[in-house]
Every structure is written in C-alpha cells, then in structure tokens.
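Participant: From first to last, the protein sequence lines are chains E and D.
Counting in our numbering, the first sequence runs from 1 upward without gaps.
Counting in our numbering, the second sequence runs from 1 upward without gaps.
In short, the hints are calculated from the structure, not lab data.
Possibly wrong hints are sitting among the right ones.
[Said to hold, decoys possible] Chain E is faced by these chain D residues, among others (derived, beta-carbon under 10 Å):
id : residue
1  : Thr-215
2  : Tyr-247
3  : Lys-363
4  : Gly-477
[What the hints assert, rightly or not] Computed from the model, here is a short list of chain D residues facing chain E with C-beta under 7 Å:
id : residue
5  : Ala-164
6  : Ile-212
7  : Glu-214
8  : His-353
9  : Ser-354
10 : Ser-357
11 : Asn-367
12 : Phe-370
13 : Arg-371
14 : Pro-461
15 : Tyr-462
16 : Phe-475
17 : Gly-488
The beta-carbon is built from N, C-alpha and C at its ideal position, and this holds for glycine as well.
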Amino acid sequence: MSKIKNAFKNGKAFIGFLTAGDPTIDKTIEYIIAMQEAGCDLIEIGIPFSDPMAEGVVIQKSNVRALKNNTTTDDVFEIVEKVRKKTDIPLVFLTYINPVFFYGYEKFFKKCKNLGVDGIISPDLPYEEKGEIEDIARKNGVDVISLIAPTSQERIQKIAKDAEGFIYLVSSLGVTGMRSEIKTNLKDIVEDIKNVKDIPVAVGFGINTPKQASEISQYADGVIVGSAIVKIIEEYGENAKQPIKEYINSMKKACNNELE
Amino acid sequence: MVKLKICGVTRLQDIQLINKYKPDFVGFVFSDSTRKITESESKILKENLDPQIKTVGVFVDHEIDEIISLFRQNIIDIAQLHGSESQEYIDILKDRTNNQLKIIKAIEIKVEEDLNKLDYDCDFILLDSGKGSGKTFPWQLFNRKIKRNFFLAGGINKDNINDAIEKFHPYAVDISSGVEKDGFKDEGLIKEVMERLNLIKGRYGEYGGQYISETLMNELLFLEEEYKKKMADPEFKNELDTLLKEYAGRPSLLYYAKRMTEDLGGAKIYLKREDLNHTGAHKINNVLGQVLLAKKMGKTRVIAETGAGQHGVATATAAALLDMDCEIFMGEVDTERQALNVYKMELLGAKVHSVKSGTKTLKDAVNDAFREWIATLDTTNYVIGSTMGPHPFPMMVRDFQSVISQEIKQQILKKEGKLPNAVLACVGGGSNAMGAFYHFIEDEEVQLIGCEAGGKGIDTPYNAAALTNGKIGIFHGMKSLFNQGDYGQIAEVYSISAGLDYPGVGPEHAYLRDIGRANYVPIDDNEAVNAFEYLSRTEGIIPAIESSHAVAQAIKMAPEMNKDDIIVVCLSGRGDKDVRSIAQYRGVNIDE
Chain E
1 MSKIKNAFKN GKAFIGFLTA GDPTIDKTIE YIIAMQEAGC DLIEIGIPFS DPMAEGVVIQ
61 KSNVRALKNN TTTDDVFEIV EKVRKKTDIP LVFLTYINPV FFYGYEKFFK KCKNLGVDGI
121 ISPDLPYEEK GEIEDIARKN GVDVISLIAP TSQERIQKIA KDAEGFIYLV SSLGVTGMRS
181 EIKTNLKDIV EDIKNVKDIP VAVGFGINTP KQASEISQYA DGVIVGSAIV KIIEEYGENA
241 KQPIKEYINS MKKACNNELE
Chain D
1 MVKLKICGVT RLQDIQLINK YKPDFVGFVF SDSTRKITES ESKILKENLD PQIKTVGVFV
61 DHEIDEIISL FRQNIIDIAQ LHGSESQEYI DILKDRTNNQ LKIIKAIEIK VEEDLNKLDY
121 DCDFILLDSG KGSGKTFPWQ LFNRKIKRNF FLAGGINKDN INDAIEKFHP YAVDISSGVE
181 KDGFKDEGLI KEVMERLNLI KGRYGEYGGQ YISETLMNEL LFLEEEYKKK MADPEFKNEL
241 DTLLKEYAGR PSLLYYAKRM TEDLGGAKIY LKREDLNHTG AHKINNVLGQ VLLAKKMGKT
301 RVIAETGAGQ HGVATATAAA LLDMDCEIFM GEVDTERQAL NVYKMELLGA KVHSVKSGTK
361 TLKDAVNDAF REWIATLDTT NYVIGSTMGP HPFPMMVRDF QSVISQEIKQ QILKKEGKLP
421 NAVLACVGGG SNAMGAFYHF IEDEEVQLIG CEAGGKGIDT PYNAAALTNG KIGIFHGMKS
481 LFNQGDYGQI AEVYSISAGL DYPGVGPEHA YLRDIGRANY VPIDDNEAVN AFEYLSRTEG
541 IIPAIESSHA VAQAIKMAPE MNKDDIIVVC LSGRGDKDVR SIAQYRGVNI DE
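Go ahead and model the full structure; you've got the sequences and the hints to work with.
Facilitator: And the structure:
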C-alpha cells in the first residue's frame with residue numbers, strides 16, 4: 001500500500017507541484033520540505049522533459065530552467081532520497097512517459113519503491129496505454145494515478161473502476177496554467193466517479209486563488225496547484241522558500257474553509 | 001495495422017457475414033478438408049463477395065494449371081500453398097501469371113529449427129502448427145523477430161488473438177475454427193474477434209498507439225469513428241475524389257526522366273510528379289481529406305503544424321476553399337528560412353503563429369498545435385501533416401496519401417508492363433514515403449527505400465536521421481523511433497531541409513524497417529543540394545530540397561543497376577521555396 005491515502009486523512013488535501021531542478025537541485029529539496037511544513041498533504045515532483053506537451057507557458061519555462069541545469073532522472077531520485085530523510089509525506093512523480101521508458105520501467109519503479117515514491121502521474125498515458133507500466137508499478141507498490149477530464153464522459157466508468165491512489169480530475173480543457181474562471185461542472189463529474197468507486201478525487205489545472213480552492217473543496221477531496229507555485233519559484237528563484245510557505249498556508253486554509 | 005484472414009468459408013451466409021464485418025482476406029479451401037469447396041462453389045461465393053476483400057485459395061500440392069485457372073477466372077487473388085511445393089513451383093506460378101498472383105507459402109512450426117526455413121522467395125509466409133490443424137504451434141519457440149511479412153495461423157481465437165499479436169507482430173492473423181460454432185462460421189464469434197482486433201488498432205508491430213492526454217481521447221475516438229464512416233460513404237468519397245481531380249490536379253504524372261536515365265547509364269528512372277499538384281507538394285492529398293472530414297464533422301476551424309511550410313500552405317488552401325478558419329503553427333527558425341510560405345499562408349487567410357518554445361522548429365510547432373487543440377477541440381480539428389501522432393492520424397494520413405502508390409502502380413504497369421525494382425522517397429515524418437510505399441508493401445520484389453536527412457553527417461550531432469540514429473521512445477502521441485539524448489530528452493536535430501527537420505518518424509516506417517520490408521538510408525545536405533542542382537539542370541525540374549534526398553539516392557543507385565531495371569522516385573514537392581536557401585548554401589546572396 002502506498003502512503004497516498006494519508007494525504008486525504010487530514011481534511012481536504014492540498015497537493016502542490018514543482019519541477020525538480022528548478023532553480024537547483026538543492027533548492028528543490030528545500031522547497032519540498034517547506035511545502036510540507038506549510039501544510040501540503042502530497043507533493044508532485046515533476047521530472048523535467050524537453051517537450052512537456054500538456055503544460056502551459058509557466059511550467060514549460062520551469063522545465064527549460066531545470067534542463068539548463070542538466071537535471072537528470074537520477075538527480076530527481078537523489079532529491080527524493082534526501083527529502084525522505086526528513087519527511088514521509090506522500091510523494092508522486094509527474095512525468096511524461098518517455099523519460100521513464102528510456103530509463104527502463106523495471107529500474108525506474110524499483111528505484112521508486114526503494115526510495116519511497118508513492119505514485120506516478122503521466123499526462124501522456126491514457127487508459128488505453130497504461131499497460132505500459134501498470135504491472136511493474138503495482139509490483140513495486142507505486143500507484144498509477146489516473147486522470148479524468150471534462151471530456152471523459154462514458155470513459156469515467158472504466159477509468160474510475162481501475163483507479164489507484166487518487167483520481168486527478170482535470171478542471172477544464174487546455175493545458176496547465178492559472179485561470180481566472182473554471183466553468184466545467186466538476187461537481188457532477190466527482191459524483192459520477194464516486195458512484196463507481198470510493199476513491200479520493202483531487203482537482204487540478206488552472207487553480208491558483210484561495211477562493212477557487214475553497215469552492216472546489218466543497219465537493220472534491222483535494223486541490224492540486226502547480227503553475228502558481230512554479231510562478232513563485234520563477235519570480236523569487238533561490239529565495240522562494242518564504243513566499244511559497246505563505247502561499248501554501250493560505251491555500252491549505254482555504255481548502256479547509258478557514259478563509260482569512 | 002494487423003490484417004485479418006477468415007479461412008474456410010463454405011456457404012453463402014458465411015459470405016454475408018464476411019461482407020458485413022469486412023476482414024482483409026477470405027480463404028477458400030480447395031484441398032481435402034471438411035471445409036473443401038469445388039471450383040463452381042467458389043465461383044458463386046466470389047460473385048457474392050465484397051470486391052474489396054481479397055480471396056486466398058488454399059492448396060496442397062495441386063496441379064499448377066488448376067491454380068492458374070482459378071486465378072484467371074478472378075476467383076482467387078492469392079494462392080496459399082500448404083504442401084511440399086518447391087521454390088521452383090512458386091517461380092512457375094509467378095512467371096505464368098506475370099507476377100500478378102500473390103503467393104503465401106505455409107510453413108509448419110513444430111521445433112525451433114523450423115524457424116530457419118522461412119526464406120522462400122514469395123510474397124508472404126504463413127506459420128501454422130500443421131495443415132489447418134486448429135491448434136497453436138509451440139509459441140514459446142518464438143524468441144526472435146521474424147524479419148518478413150507473415151500470416152500467423154493455428155488455433156487463434158478471440159481469447160488468444162491479442163496475446164498472439166503482441167508476441168509475434170504478424171502482418172495478418174488467420175482464423176478458421178476460432179470463429180466457428182458446431183462447424184460453421186458464427187456471427188457472434190466473428191464480431192468478438194473484430195472487436196478485439198479494434199482494441200489493438202493503431203499498432204504497427206510494437207509501434208504506434210495513442211499516448212496522449214485523457215482530455216483528447218474521446219475526440220480521437222470520435223475522429224476515428226467519423227473517418228471510418230465517411231470513408232465508407234460513397235458521397236464523401238465522391239466529393240473527395242472530385243476535389244483531388246478537379247482541384248488538386250490528380251492523377252499526378254509519372255514522368256520518364258530520359259536525360260537523367262541516359263546520363264546515369266543504369267536503371268530507368270521515373271519521377272512521380274507530386275510537385276505538380278496544386279500548392280506544389282503531396283501535402284494537398286492528405287489535407288483535402290482531413291479538412292473535408294473536419295467540415296463534415298461540424299467543425300469550423302482547423303489548425304496545423306508546419307516545417308517547410310508546405311503542409312501549412314496546403315492546409316490554408318483547403319481551409320480557404322472549404323470556408324474554414326485556419327491557424328498554422330510554425331517554428332520561429334522555420335518562419336525565417338521559409339518566409340515566402342509564411343506570406344502565402346497569410347495571403348490565403350490563415351493566421352501564422354511563430355513558435356518560440358524549445359528548439360523553435362517543427363517538433364515545437366507540433367507541441368504548440370497540440371496545446372491549442374486541447375483547448376479548442378469543440379470547434380477545431382488538428383490536421384496533422386504527416387504519418388505521425390496518435391492513432392488514427394498515422395493511418396488516416398497514410399490512407400489519404402496512398403493514392404500516390406495506387407497511381408504509380410497503374411501507371412508503371414501501363415508504361416512498362418511490370419512493377420518497378422525500387423521505389424524511393426524522402427522521409428521526415430514519412431507521409432509521402434508511406435503514400436508511395438503503401439500499395440507496394442505486398443509486392444516483396446519491389447524494394448522500398450526511404451531517404452532520411454543525414455544533415456552534416458550521421459556521425460555528427462547535426463542530422464535528423466531517426467531511423468538510422470534514433471532509439472525507440474514515446475513522444476507526440478506515438479511509440480516510434482526518436483533522436484533522443486541521455487535520459488530520453490528529445491534531441492535537437494538538424495537538416496538543411498525544414499520539412500525533414502524532425503526528431504522522429506511515423507510508426508509504420510519503424511515497423512517496415514524492423515521487418516525488413518523497407519530500407520532507410522541517410523542522405524547528407526551536400527548530396528541533397530547536388531541532387532537539387534542536378535535535376536534542375538538535367539530535366540528542367542527544380543525539386544524541393546526534401547525530395548532531393550530521394551533524387552540523390554537514385555543518382556547513387558541507378559548506375560549500379562541494369563538498363564531494364566526501373567526506379568520510381570517520389571518527387572514530393574517543388575523547389576521554388578528552397579531557391580533562396582540553396583543560393584545561401586552556395587554562398588550566393590540573392591537578397592540585394
């Protein structure tokens with residue numbers, strides 16, 4: 001069993017994302033710890049990729065910065081190893097499938113197991129292709145997190161049925177990035193999912209304000225924020241620890257409906 | 001994609017099922033078996049069969065005359081030989097039918113050594129456990145790739161068909177008793193087998209697939225469904241055919257390059273003149289199909305990526321013609337080296353986005369086009385320009401481009417009375433090559449040669465030769481071969497040709513390479529530029545720098561071949577757009 005369920009024990013979950021190696025490997029370690037201290041319940045660590053097709057401009061640029069520092073998959077594992085000495089917060093990788101394929105599925109998931117990575121989210125591995133990693137990941141106790149989109153419709157049934165860990169509900173069409181308004185009727189989708197399986201549902205893509213976090217927490221089990229955190233890192237570089245903590249603190253409170 | 005043969009049909013109601021579910025091949029058994037039929041029975045079955053489905057006659061050491069007679073009466077297209085027929089026997093059949101009868105030689109696999117007996121010179125081999133025994137042969141023997149096109153037979157049914165395909169990557173699976181109940185073909189079982197085959201659709205051996213965001217999945221499924229529906233709709237087909245004929249100018253000429261042939265002193269060289277199509281390249285074949293499909297699907301807008309600008313111009317053209325909004329994504333680097341095409345697209349009413357992310361070339365244009373599509377899929381279709389991306393794009397683009405090989409085949413048979421020895425085409429993503437190869441895949445005697453961008457040399461980092469230098473990976477929605485660096489980062493690639501400057505290749509090419517059906521060679525910048533100039537001087541035809549890669553290979557090969565050999569070069573586009581950069585390459589400044 002992975003530790004992912006722990007993330008949803010403490011009220012509504014706040015899930016934060018950052019790209020490994022942006023701005024540096026050491027800073028990534030520091031920021032992950034800071035995120036945990038500020039109230040993150042689960043952290044998504046992005047493995048940088050040359051062509052992050054599902055990302056908006058903010059996370060694209062973050063990938064560029066990380067790759068400019070020559071951040072490798074082995075470096076990302078090193079980050080996990082060091083983080084694990086300080087916290088047992090649930091950790092999942094957000095990665096395009098090619099770096100994993102190239103590394104070798106067996107080797108990759110064995111390392112995940114040994115270092116304590118609890119799950120993997122791969123934006124280019126839909127239900128039809130999850131056979132690539134499903135068995136190897138399961139063997140190593142790593143949850144393969146399924147995504148459900150506003151366009152999934154009747155696919156929700158089969159995706160939810162096989163889902164592990166939690167479900168990543170994509171809030172709207174398009175790529176990642178901060179949006180001022182989310183129009184999709186997410187509440188209905190969450191209900192559809194819960195009718196199939198009792199599994200936590202966390203909503204991501206576009207969320208950046210406490211107000212949005214508070215609204216979504218009314219019906220979802222968690223809120224995922226990436227671009228807003230990465231934007232802080234872009235702005236503050238090596239001095240982002242304090243602003244990240246403040247931001248996450250306010251978002252976590254919003255998730256639990258303690259609006260300031 | 002894996003083809004299906006349903007063998008041993010005996011009754012008219014079987015034919016009705018076949019016509020309904022449309023496998024690729026149907027088998028008539030003429031040898032001793034419970035499913036044996038007579039010549040007169042086969043004639044009636046054939047008369048009632050959908051003419052698109054190919055018929056295979058199954059024989060065991062029959063008289064050659066008997067087989068030839070069935071072929072001449074149009075009852076069979078293919079002969080499947082299950083006895084001790086020799087190579088000589090096969091050669092006689094081939095000779096007496098002017099190579100028109102296709103041959104499948106069946107081989108029984110009982111022990112591992114049997115896998116060494118696969119080198120018959122014929123169109124296909126078929127691996128079976130016995131003479132239609134209905135049992136699987138020992139699958140565990142298979143630990144090597146079979147480097148040729150083969151049919152897999154013996155005990156295949158709905159329960160093991162997916163495993164069989166995953167393990168063996170056959171060209172086709174052959175099912176008989178697996179779709180029978182009480183000794184007769186059964187609709188439920190046929191339907192189930194077709195459904196299971198559909199689950200592995202979009203695969204070419206291990207390549208292909210649909211590695212794409214969940215948000216796009218239903219749209220891709222919808223696109224595939226609509227595509228299949230429309231392609232089966234005579235009205236749509238007719239509309240498309242009319243556009244190809246009246247607007248694009250098809251069929252394109254197959255031109256005998258006499259001076260080039262004489263100068264090189266070897267094989268006869270024919271040029272398939274895709275450069276004469278409207279908009280000056282093969283791209284229009286695919287674009288008319290996809291944009292018309294988008295329109296019929298109720299979309300109001302199309303987007304596309306472009307490298308050299310040819311696909312962008314073609315898409316903008318089709319969008320203007322069919323009254324659709326159009327936006328084109330083009331790498332910033334390419335907008336500079338192909339400025340003329342940018343202006344053309346704008347002239348045609350399209351908006352051109354200069355892509356500034358990543359390497360600012362074709363791959364980044366594809367990334368941004370996908371990003372745009374995922375946000376606008378309600379109104380918009382993404383018109384992919386090559387045989388790449390997630391299923392159904394590689395299949396759709398290949399189908400739309402396959403008109404090239406369909407025409408070459410008819411034209412060369414008319415002019416020369418025989419098939420060419422080799423078909424040459426340049427390969428970036430691989431759409432003109434797939435189009436030029438497709439209808440020849442079944443003709444094993446025709447060499448298929450793809451010419452990749454060797455850039456400044458395949459031993460340097462400056463090339464785009466994914467089939468020569470690439471490694472298997474997953475990117476842009478497909479599993480295929482990609483130029484990639486350590487840790488699977490997609491590499492920056494280089495070619496003088498913007499249209500070939502792509503770090504991957506379509507999945508079907510990767511598969512054709514693996515099974516040895518096509519060969520791929522790198523052509524460097526210098527060879528391509530020389531060929532560009534050579535064809536201009538020798539034939540008065542200025543080829544696109546992309547197509548010049550294929551011309552260069554012809555220049556290398558032709559002198560080594562006999563005078564009665566034939567090479568067909570797919571001249572995928574015209575070279576006007578390249579004149580400026582070739583001048584630059586030669587150190588001539590033509591801009592003031």
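Participant: Are the hints correct? Go through all of them and say.
Facilitator: Structure-based check of all given hints:
1. With 10 Å as the threshold, the beta carbon of Thr-215 of chain D comes within range of chain E, its nearest partner Cβ sitting at about 4 Å, so the hint holds.
2. The interface hint given for Tyr-247 of chain D is broken, as the beta carbon of that residue sits about 34 Å from the closest beta carbon of chain E, more than 10 Å.
3. Interface restraint check for Lys-363 of chain D: the shortest CB-CB distance to chain E comes to about 7 Å, inside 10 Å, so the restraint holds.
4. For Gly-477 of chain D, the suggested interface contact is upheld, since its CB lies about 7 Å from the closest CB of chain E, less than 10 Å.
5. Interface hint status for Ala-164 of chain D: violated, as the beta-carbon distance to the closest one in chain E is roughly 16 Å, over 7 Å.
6. Interface restraint check: Ile-212 of chain D against chain E, minimum CB-CB distance 6 Å, threshold 7 Å, status holds.
7. For the restraint placing Glu-214 of chain D at the interface with chain E, the shortest Cβ-Cβ distance is roughly 4 Å, inside the 7 Å limit, so the hint holds.
8. At about 13 Å, the closest approach between the beta carbon of His-353 of chain D and any beta carbon in chain E exceeds 7 Å, and the interface hint on this residue is violated.
9. Nearest Cβ of chain E to the Cβ of Ser-354 of chain D: about 15 Å, over the 7 Å cut. The hint is violated.
10. Using the Cβ-Cβ criterion of 7 Å, the hint placing Ser-357 of chain D at the interface with chain E is satisfied: the shortest such distance is roughly 6 Å.
11. With a cut of 7 Å, the hint placing Asn-367 of chain D at the interface with chain E holds, because the nearest CB-to-CB distance is about 5 Å.
12. With a cut of 7 Å, the hint placing Phe-370 of chain D at the interface with chain E holds, because the nearest CB-to-CB distance is about 5 Å.
13. Of the supplied interface hints, the one on Arg-371 of chain D holds, with its beta-carbon coming within about 5 Å of a beta-carbon of chain E, less than 7 Å.
14. Here the hint on Pro-461 of chain D is broken, as its CB sits about 15 Å from the closest CB of chain E, past 7 Å.
15. Violation of the interface hint for Tyr-462 of chain D is found here, the shortest Cβ-Cβ separation to chain E being roughly 17 Å, above the 7 Å cut-off.
16. Given hint, Phe-475 of chain D at the interface with chain E, holds; its Cβ is 5 Å from that chain's nearest Cβ, closer than 7 Å.
17. Of the supplied interface hints, the one on Gly-488 of chain D holds, with its beta-carbon coming within about 3 Å of a beta-carbon of chain E, less than 7 Å.
The structure fails to meet hints 2, 5, 8, 9, 14, 15 from the earlier list, while all remaining hints are met.
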